[in-house]
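K.L.:
Throw the hints in and build the complete structure from the sequences for me.
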Amino acid sequence: MNDAVVNRGFGLARLDLRQRFETFATMARKTLLEYSRYPIAFAALFAQIFLIILLFVLTTVAFAGGDPVRISTFAGAMAYGFVVNIILSFTLWEIGFSIREEQVRGTLESLYLSPANKFSNLVSRIFAVLSITIVMCLGGLALVSAVAGGLPAHNVGKGLLALLLTTSGFLGLGFIFAGVTIKLKETAQLLVNGLQFFFMIFSAMFFPFSALRNVSPAIVDYISAMLPVSYCVDLFRSTLLGTPPELAPWNVEWVIVLAFGLLSPLIGYLVYDRIERKARMEGSLGEY
Amino acid sequence: MAAETVSKGFGLGRPGSRGSLGVIWSVFRARIKIITRYKGAVLLESIIPVVFAGLPILLGSAVAGSEQAAAANFFSYTGTTCPSALPSDCATLFRLYMLMGSNTFMIVSLMLWLIGYWVRREQETGTLEALYLAPAKRLYILAGVTSYTLVRSLLAFVTATVLGSIVFQVNPLSGLFGAAIAYLVLGIPALWGISFFFGALVMRIKEANSVIQLLQWVLAFAMGVYFPVTVFPLLLRWTAMAFPPTLMNDAIRSTLLGITSIYGPWYVVLGLMLMAAWTVPLLGYQFFGLVERRVRRDQGVGQF
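Taken in order, these protein sequences are the chains called E and P.
Quick note on numbering: the first sequence equals residues 0 to 287 in numbering that gives the first Met the number 0.
Quick note on numbering: the second sequence equals residues 0 to 303 in numbering that gives the first Met the number 0.
Don't take every hint at face value.
Stated by the list, open to error - Among chain P residues calculated to face chain E with C-beta under 7 angstroms, some are:
#, residue
1, P55
2, L57
3, N72
Quick caveat, the hints were computed from the structure, so don't treat them as lab data.
Virtual Cβ for every residue (Gly too), placed ideally from N, Cα, C.
P.N.:
Dropping the structure here:
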């Protein structure tokens with residue numbers, strides 16, 4: 000038996016890459032299994048995505064004065080912004096909320112005493128839900144596109160890459176909020192709620208940045224432009240709409256989104272690890 | 000021991016009118032005490048309608064090029080006549096239209112949400128069954144919970160109206176504000192009735208979160224939060240118009256903004272609202288009782 004491993008209390012457990020992957024796969028399967036017990040929730044989620052997109056598309060129609068090109072462009076801008084919004088919401092909510100549930104059930108401490116890899120454990124909490132959500136978003140977009148007479152979809156490959164990097168970046172935010180949930184407990188939900196609305200407005204998820212600029216250019220220059228989330232929304236949307244991005248040139252936006260997608264999960268996990276370690280040292284991990 | 004009381008499972012308990020009022024008050028006070036621990040939640044639900052109203056206003060300005068053009072396009076598309084000839088006044092009315100729609104939506108949504116979550120939380124914590132064993136009639140317990148939801152919703156409505164008026168620079172007091180509030184109050188009993196329907200639904204199907212979230216958006220559609228239901232196809236329009244929150248929303252907006260109601264003259268609106276205030280709570284409570292009996296017979300109310 001390896002002394003170093005024994006010291007860390009891992010017993011006979013393997014700590015290799017395979018174990019990490021197995022942890023991820025097993026926990027993701029468990030999450031899926033839990034979700035499969037609630038089939039109505041699946042149907043409700045799909046219907047909800049469809050309804051939200053349709054509501055805003057119809058609102059766009061009411062403002063467009065009958066111009067079909069304008070309807071198509073702005074409906075697309077709104078619908079693609081919504082996709083980013085729902086991925087952000089799920090990432091922020093799901094990881095933190097499932098940690099909170101483990102706290103309330105009293106299983107978080109036992110889980111953390113097991114040799115399961117923490118990173119795999121955290122990612123598995125969101126993987127299944129996020130995969131389902133993305134599939135549902137694509138379905139919802141297709142359905143709305145059919146209803147609204149077509150949404151613009153240029154550079155689909157690049158758009159998907161931008162979405163992948165965006166999702167990876169959001170994972171980092173999700174990790175931070177998982178840590179915040181351990182610290183703030185019930186109040187963290189409120190913080191997540193508030194942040195959701197903050198990003199919804201200042202990252203212009205349901206309207207172009209020009210609308211914020213009309214209110215005050217300072218909002219875009221000093222708030223929106225400081226948020227990596229804004230660049231994710233802008234890049235994904237502009238790529239699919241085939242229009243120039245509003246916040247910065249293409250190459251700058253790609254660099255920002257790439258850096259966000261790669262660095263955010265690492266930084267987020269470090270923050271989570273630090274908060275979690277502190278909670279363990281204080282003995283407050285299982286407290287709720 | 001009264002045989003009637005025993006058969007209802009009340010043991011020696013004989014709840015009189017004072018006792019029943021005590022039940023309502025206790026339930027109400029307990030819920031208020033719990034929510035005062037989460038002050039941020041109360042604040043947030045007052046901000047949400049302002050954000051919801053801001054979304055179409057910003058979207059409209061971007062789509063149409065300016066807010067005045069957005070208001071003109073909106074009134075023209077929805078077949079609503081702006082009571083003022085000045086484009087700037089129409090833009091202000093458009094902002095108020097969105098704000099009042101969002102605020103009313105928040106009231107309706109909160110009332111349903113809170114009742115749904117109350118049933119679900121009691122199921123999950125295992126106290127719903129205990130409530131059924133207590134010598135208190137369900138009607139009074141529900142009255143306590145619905146009173147709490149009413150106070151919380153109205154608080155959110157008033158705060159959101161004040162906040163929204165500042166943010167969007169509109170004056171809700173410029174129209175018939177008193178009459179609009181009277182319509183709001185008149186719409187409350189119907190909302191109680193719908194929340195009984197909703198509570199029964201949650202008790203039956205249990206998956207409260209997903210159902211509540213979905214119904215919220217169905218509500219937003221049916222109520223015409225961002226546009227009047229007149230833009231819907233005929234069948235959908237009639238269905239939406241038969242929904243009491245749509246009537247309430249339309250009554251408040253048409254009174255406050257001085258626009259024509261989609262239901263007709265004011266006395267038709269008033270008559271329909273009175274009818275809804277009378278029939279919907281009765282039907283809702285009957286439905287709740289029916290579902291409750293079925294659940295108790297099938298699996299018991301404690302299962303979740």
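K.L.:
A separate judgement is required for each hint: does it hold in the structure or not?
P.N.:
Hint by hint, here is what the structure shows:
1. P55: Since the shortest Cβ distance to chain E is 5 angstroms, the answer is holds.
2. L57: Nearest chain E Cβ about 4 angstroms off; hint holds.
3. N72: It holds, given that the least Cβ distance between N72 of chain P and chain E is near 4 angstroms, below 7 angstroms.
In terms of the numbered hints stated before, the structure departs from none.
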